Amino acid sequence: MFTGLIGELGEIKRIKRSAKSLQLTINAPRTAANIRIGDSIAVNGACLTVVAFAGEEFTVDVMPESVTLTTISKLQQGAKVNLEKTLTLQDGLDGHLVSGHVEGIGIIVALEKDDIAVLVTVKCLPSLTKYIVLKGSVAIDGISLTVTAVSEELFTVSIIPHTAKVTTLGFKKVGDQVNIETDILAKYVEKLLNQAKNHSQGSSLDYKKLLDNGFI
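The UniProt record's numbering puts the first residue of the sequence shown at 1, with every later residue one more than the last.
Since the hints were made in silico from the structure, they are not lab data. Since the structure is predicted, the reported quantities are computational estimates derived from the model, not experimental observations. Just so you know, even glycine gets a beta-carbon here, dropped at the ideal spot from N, CA and C. Possibly wrong hints are sitting among the right ones.
[As the list claims (entries may be wrong)] Okay, derived cross-link-like pairs now, BS3-like style, lysine-lysine, Cα gap no bigger than 25 Å in a straight line: (1) Lys-74 to Lys-135; (2) Lys-123 to Lys-197; (3) Lys-187 to Lys-130; (4) Lys-80 to Lys-13; (5) Lys-187 to Lys-123; (6) Lys-123 to Lys-165; (7) Lys-191 to Lys-130; (8) Lys-85 to Lys-172; (9) Lys-173 to Lys-80; (10) Lys-80 to Lys-165; (11) Lys-135 to Lys-80; (12) Lys-13 to Lys-123; (13) Lys-74 to Lys-172; (14) Lys-187 to Lys-208; (15) Lys-113 to Lys-197; (16) Lys-123 to Lys-113; (17) Lys-85 to Lys-13; (18) Lys-85 to Lys-165; (19) Lys-80 to Lys-191; (20) Lys-123 to Lys-135; (21) Lys-191 to Lys-208; (22) Lys-80 to Lys-20; (23) Lys-13 to Lys-74; (24) Lys-187 to Lys-135; (25) Lys-197 to Lys-208; (26) Lys-80 to Lys-113; (27) Lys-135 to Lys-165; (28) Lys-173 to Lys-135; (29) Lys-173 to Lys-123.
[Said to hold, decoys possible] Distance windows between CB atoms, simulated: (30) Arg-36 to Asp-115: 40 to 48 Å; (31) Ser-151 to Met-63: 47 to 55 Å; (32) Asn-194 to Gly-170: 22 to 30 Å; (33) Asp-61 to Gly-214: 39 to 47 Å; (34) Asp-61 to Glu-11: 39 to 47 Å; (35) Leu-185 to Gly-78: 50 to 58 Å; (36) Glu-152 to Leu-193: 15 to 23 Å; (37) Pro-126 to Gly-78: 41 to 49 Å; (38) Arg-30 to Met-1: 13 to 21 Å; (39) Ala-54 to Asp-115: 28 to 36 Å; (40) Lys-80 to Ile-184: 39 to 47 Å.
Please model the entire structure based on the sequences and the hints provided.
Structure representation (structure tokens):
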């Protein structure tokens, strides 16, 4: 699990492209420190596994599904990427629970200055916005952000100067694509509700039981 708080901006040093998969070598001194083979690193919000490391660089594999569902396939040598190591039991949860499983791609359609902040509006499929709520959390390229507005195909977040400085959102432009991960808790609640409604009579789990116990 991750928190959506970016630990470092890394730089893509090498890209090895196969028929359907990729291998990325990333320069990131802080992230590479004390790294081990098999560690999970969120790269622009996508959870990837470390397969090699040396000095200030580490290498991760990108499987075909990640290539298809994320913006990683569009990265070029020299590109900056958001990096976050996995959450440990000693860490504080200052962002929100992020799995690193990107659900789809959004497009930045507006950037609006709001005093010291910047309002970023993203267009994505309704199948994603259904899990995005006002004042809730969403991960954009792995960055934990608070939703300030949401409609059927659009949502807006506000980024502070610090976030703009230490993440890729600081140099994104209108038309750029971003990785989106919604709040996983909403999906668990939805599944429980659907199961409760569809259960046969006499089941141990039903809609009334969820309601009586405060789940609804």
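Checklist line | Structure versus earlier hints - violations, ascending order | finding: 1, 2, 11, 12, 15, 19, 31, 32, 34, 35, 37, 39, 40
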